[in-house]
Amino acid sequence: MQLYLPIAEISVDVFLLLGLGGGIGFLSGLFGVGGGFLTTPALIFIGIPPAVAVASGANQLVATSITGVIAHWRRKSVDFTMGFVLLCGGVIGSTVGVYVFKLLRQLGQIDLIISLLYVVFLGAIGLLMFAESLRAYMRSRRGAVRRSKLHQHTWMHGLPFKIRFRRSRLYISALLPLTIGALVGLLAALMGVGGGFIMVPAMIYLLGMPTNVVAGTSLFQILFVVANVTFLQAYTTQTVDVVLALVLLLGSVVGVQFGTVIGAKVTGPLFRVLLALMVMATGGKLLLDLVIEPSDLYSLQILTGGR
Amino acid sequence: MARLGRIGACIVMAWLALTIAARAETVVADLSEHQIKITTGFAGTELLLFGVADSPGDIIVTVSGPDNSVIVRRKSRVSGLWINAESVQFETVPGFYHVAATEKLSEATLDDVLRENGVGFRYLSLTPAVDIGPAQAATFREALLRRKEVLDLYDKHPGLIEFVSGTLFRTRIPFPANVPTGTYRVDVYHVDNGWVTSTTSIPLTVLKVGLEASIFRFAHDYPALYGIFAIALAAMAGYGAGMVFGRR
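Going line by line, the protein sequences match chains A and B.
Each residue of the first sequence is one higher than the one before, starting from 31 at the first, in the working numbering.
Each residue of the second sequence is one higher than the one before, starting from -2 at the first, in the working numbering.
Worth flagging that the hints you see were computed from the coordinates, not collected in a lab.
Take these hints with a grain of salt, some might be off.
What the hints assert, rightly or not - Pairs of lysine-lysine, DSS-like flavour, derived with a Cα cap of 25 Å:
| no. | chain 1 | residue 1 | chain 2 | residue 2 |
| --- | --- | --- | --- | --- |
| 1 | A | K192 | A | K106 |
| 2 | A | K132 | B | K72 |
| 3 | B | K153 | B | K101 |
| 4 | A | K315 | B | K153 |
Okay, chain A solo, but in the shape it has when bound (with noise of 0.2 Å):
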């Protein structure tokens, strides 16, 4: 059954794009990671405009993080002033963000820059996920525990605003989660990924977050973030359809359900090494469409007028 697109202008299959949400939010629900690194790229593979794809995917994250921060709030586990300082930096990051691919998609690069953003990002994170549920692997086979310290001072503790935030119990400079959050806000923006993959590991690495205020926190500040690349993608570029993302949220919520069930019987770091070779694939695919002659040097970009 086909399905016409008022933004996207094209029609595609109501059963492929609920097919598409379903998969993604299967393995989002399966490794419990917000899955909008695979949207875009799949929604880009199945002949949505890069534009649409990246602001609608925003628009669905809205949808999917919202019921998590609903549930991270009741059970206490948001850090409010951190979540809003992060906030601060992303709503900064994205607004320039959006600015940043408006001009790019006038220089027809914007695709390339979508592109390589994934093929870094991707290949980094899948890189090091696969290092490190080795390393745990091995670790659970030998049995053996080694600790490292707590708490470590570095340089960041001297940088000035420093602000007290409680429910992280941390001392620290405002500057740090301000410059990670545009960062994140940045990506969202150019992306359309909420950010979780980055802001997860800098919380906890960088920022010495104790883990139970890491997922509340982190999702509080995508919510925000989300909202801000959905409503600056809707007023600038009007490419913000409405209808890609109830439907793809739609295969999503479903999907969430099984891949939650199926996750919590089948864990362990073996499995994680699936998802880091799975991330890596996905960059590895884009950066092979990167590298290899296309069948066709030429593209077309149509400046719409009128209507």
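Since chain A is already given, all that's left is putting chain B on it; use the hints.
Chain B alone, transformed into the frame defined by chain A:
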């Protein structure tokens, strides 16, 4: 619906056949519908064009969609990566283009007529916005036509017009799902011995209707409000889904 259209077409054809006797050297034609409505389930459509020519000869039909500016970009290898380098902008490029001709019309005659009238796939007056030299222009023009064909918006091979009986002719014009919206021009040429003896134009509009049209207009006319609406809708959908499936 289609059947009703066909019956209507027959009635109009009969009427055309009667009125045509009064005029000399004319071609009269019409479409089964003058509007293509893009709705939720739109997956492309086909219109029936039919007409009457009072004298023997051939028929050529051209369908031209709304004009747009188009940038054609060429990729070049830069440090191992294929990235967009040169680009050429073309003004007034038809969003959709279709040519149909009667079968017995020789290719050479068709070509002549098309060239003379500046119509047809090859003779569209597509010139770059800035002068880049004829060789470059030709390469980019060729690329533009090729990409349009990949999108099903142009067709290099003309469609077939058949004579149903004597002077009655008809042809089917296919429109893909990604057909651009706007005002179209449908021109019908009557050709006798390589000369255009009569032409007629039929209006055609492609428009979005229903929810699609509302969403599109909303997004373009009130972008700020639409942004807020998109966020609210997603938030409600997400919250609703969370309620249905319990706390996660």
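Cross-check of the supplied hints:
{"no.": "1", "hint": "A:K192 to A:K106", "verdict": "24 Å, holds"}
{"no.": "2", "hint": "A:K132 to B:K72", "verdict": "20 Å, holds"}
{"no.": "3", "hint": "B:K153 to B:K101", "verdict": "18 Å, holds"}
{"no.": "4", "hint": "A:K315 to B:K153", "verdict": "33 Å, violated"}
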